[in-house]
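Protein chains in written order, with the numbering used here: chain A, 1 to 267; chain B, 1 to 583.
Rather than coming from a laboratory, the hints here were simulated on the basis of the structure. Please note that a few of the clues may not be correct.
Restricting the straight-line Cα-Cα distance to at most 25 Å, the calculated cross-link-like pairs of lysine-lysine (BS3-like) are [what the hints assert, rightly or not]:
| # | chain 1 | residue 1 | chain 2 | residue 2 |
| --- | --- | --- | --- | --- |
| 1 | B | Lys149 | A | Lys238 |
| 2 | B | Lys203 | B | Lys18 |
| 3 | B | Lys18 | A | Lys263 |
Simulated restraints, written as ranges between beta carbons of each label pair [unchecked claim]:
| # | chain 1 | residue 1 | chain 2 | residue 2 | range |
| --- | --- | --- | --- | --- | --- |
| 4 | A | Ala246 | B | Tyr529 | 43 to 49 Å |
| 5 | B | Leu20 | A | Gly88 | 28 to 34 Å |
| 6 | A | Ile153 | B | Tyr529 | 36 to 42 Å |
The beta-carbon is built from N, C-alpha and C at its ideal position, and this holds for glycine as well.
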Amino acid sequence: MSKIAKALKRAQEERADEAVVHAAIQQPTPDTEEPSSPKAKPRQTQIQEASDIHMERNRLLTGGSAQHIRDAFNVLRAKLLQMTREKGMNTIMVTSPGRQEGKTIVATNLAMSIARDARQTALLVDTNLRWPGVAQTMGVCKDQDSGLEHYLIGQLELPELLVNPGIDKLVVLPACQATTESADLLSTPRMQKLVQECKNRYPDRYVIFDCPHVLDMPDSLVFSTYVDGIILVVEEGKTSQRDIKAAIEMLGEDKILGVVLNKHITQ
Amino acid sequence: METHNEITLYINAFKRRKWLFAVPAATLFLLASLLIFILPSIYTSSATILVEGQEVPQELIQSTVTGYVEERLQSISQMAFSRKNLKSIIDRFGLYSEYKDSLTSEEILAKMRENIKVENIQADVVSNTGRPSTATIAFTIAFDGKYPKQVMQTTNALVSLFLEENLREREEKALTTYEFLNKQLDQLREEVQASEARIAIFKEEHYRSLPELMELNLQTLDRIQKDIDARQEMIKTLMDRKVYLEGQMATVDQTMYSYSADGSRIMTPEEELKALRSQYLASKTSRSEKHPDMIKLKGQIDLLEKELAARRRATEGDAELESWRRQLAALEKKYTAKHPDVINARGKIAELEAELASSQNSDMVLKADKGLDKENPAYINLKTQVQATTLEIRNERNVMAELRKKYDDYVGYIEQSPQVEQEYATLQRDYQNSSAKYQETMQKVLAARQAQELEKEHVSEKLSLVEPPVMPEKPYKPKRMLLVVVAFILSIGFGIGLVAVAEFMDHSVHGRDMLTTLVNAPVLASIPYVQTSEEVAQQKKHRVMILTTSASIFAGIVLAVHLFVIPIDVAFFKIVDKLQMVI
């Protein structure tokens, strides 16, 4: 590890120490808030800070990340913010035509970039119930009983699930247990309610949903009706042109905000 | 712009798949290079043989060995490089000993034939007709092998075989031609002789009807006709004369001047016979036939009749004899004594003389003649003339009859002539054909004999060794540097091919531009691959490993070249020398 990276890491750790774990996640007045469930925990966002090493291993941006990668995410963020501000959107779904094309990394890094650099509050929701990855990537899933799936089956309420990964203005709603009934869960009224709740509760926040891939899975197709816009992630050298076209055709061109070319080989 | 984009696409694709290009291409190149340097060195030794033209001008003596040089060389090489000859060379020089256990003798022979090369050297020449053409003026015989000395010895042996085979074949061909023609000549001679015999027999059979005698026959016929006409004219004249003489004779009294001693007129036998007959008839009325007077008269009459008959015969015989004698004299002037007409005339004269002699010996004729001098001389003269004329007429008629017969014969000959001519022409044609063939073959035999002599004396077209085989100093193949260059080009091609195939098979999206053209939505960002520090470390490790491996392979190649091909220091100095030469 380079000296600069070490220094950045040390600075990060120091900041985490002082961190005021109370860092403040302002919660708006719950006008539409529903009564909490019997099992509801105190309405306090949990702070589960992941180390830089963990983040770096999971390809998340840290202070030591390469500048050109950070720049690429900054561009993505800037374009997204510009588009969403113009159109008044705040719920964005990140998906891809096929599996393992970098949806979670892009969604997570995008959310982190919005929170860190744009100083905009971002909520990252792991709606990939088949292969949940956000929690593991960010190192925030320490409790297997407090994931999105628990909200959808009515065991927990939204505030009880929110986690702060140690980054200001970033809140994560993880999914911790994989389920094969993902599509059913995503099409429940609870899901619709969750999206609506997020919109209502955090109107000035960007809510980013990390969704399963589009082709062969109905999950994202079902979920796409709840969100304002879609970002389609494609992997260079892997995603076929045919799949891209099929995915766009399935999701509908109107809702797609744009495409992100992942693992782009810099010439 | 479009082209620029395409080029960019190709460049990007190449960059994307640089390893797919580099690794197989480098591997292939290394393997090929190794193979090229392992390949055994092949030496070649060659000899040049000149095809020399005939020393004696072809206008004087034509060789019997003809045909295109290339064909002859091909046939000689087939015979010279026969299984037996090659086997003998293989055994003599110990060729292909390394293959003796693994290959059959046929396969070894096939290998040797592959290693023998006969190549024609051609040049532009002007042919006899004045047209420019290409002709083989020389050829080379080369042999490839692994060992220089063995290669030279083998080439030498092959050249000797070739030259010997050429001489042997030429002589054999010349002899065969001569013998064949000689045999043909014998057959033709027999044919000609048979034909001549047939013509001789035919001529003998149809001597008078032969076409070449046609003219003579016609002339003869004409002459006979003229003779006949002349004879006819003669007969007419003689007839006229006879009539005239008879008329004269009728006016002359037979007994006008013939009287006996007692003054009585002496009667001629005819008158006497006439008188006796009258007397006999008169006496017959009064006497019987048995009366002595009647018997006497009868006897006198018979005697007189006989006498007259004999006299008449004698007179006619004399005239005929005279006529034949004249004819013989005329014939002897024309022909030799052996001519059939002369012989015939002589025979006739002899016959008549014999007849006259016999008639003169007769008592009756002599007795009858005794009274002739008692007749009137004028009458007798006329009578004799009449008799002579009569004889002449008879003679002429006989001659004319013969002439007519002769004429008919010649007409027959002339009539037969066309048929004879046809058969004769057929025979002549056969004879002429046979004869012409015989003459022609005779010429050929003579030419073949000359050609045979030409081959024996070795003054006909011959093969001369102008460049004997020498021991090769360096291998002529494989051309390692050239092969390395080819291997390099092929490796590059192989790598490019792989990249092309990979690109063709790859339907995934590459680059922002492709994505932009593919979707209507904007491309929000191009995110590079986010590497972990472990991956970076792993990558470094890989690079070091690749460098180490490459260095090891290079060192291995250098070592292989040093051990198997050429010492490195020598190679280095050679390269330096060549570079200096280039500069």
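Comparing the hints with the structure gives:
Taking the CA atoms of Lys149 (chain B) and Lys238 (chain A), the gap is near 64 Å; set against the 25 Å cutoff, the hint is violated. Of the pairs offered as hints, the one joining Lys203 (chain B) and Lys18 (chain B) is violated, with about 109 Å between alpha carbons and a cut-off of 25 Å exceeded. Annotation: proposed proximity of Lys18 (chain B) to Lys263 (chain A) holds, straight-line Cα distance about 17 Å (limit 25 Å). Distance hint check: the CB atoms of Ala246 (chain A) and Tyr529 (chain B) are about 25 Å apart, inconsistent with the given range 43 to 49 Å.
Remark: the range hint 28 to 34 Å for Leu20 (chain B) to Gly88 (chain A) is contradicted by a beta-carbon distance near 48 Å. A hinted range of 36 to 42 Å holds for the C-beta pair Ile153 (chain A) and Tyr529 (chain B), which are about 37 Å apart.
Figure legend: structure checked against the earlier numbered hints; hints not met, in rising order: 1, 2, 4 and 5.
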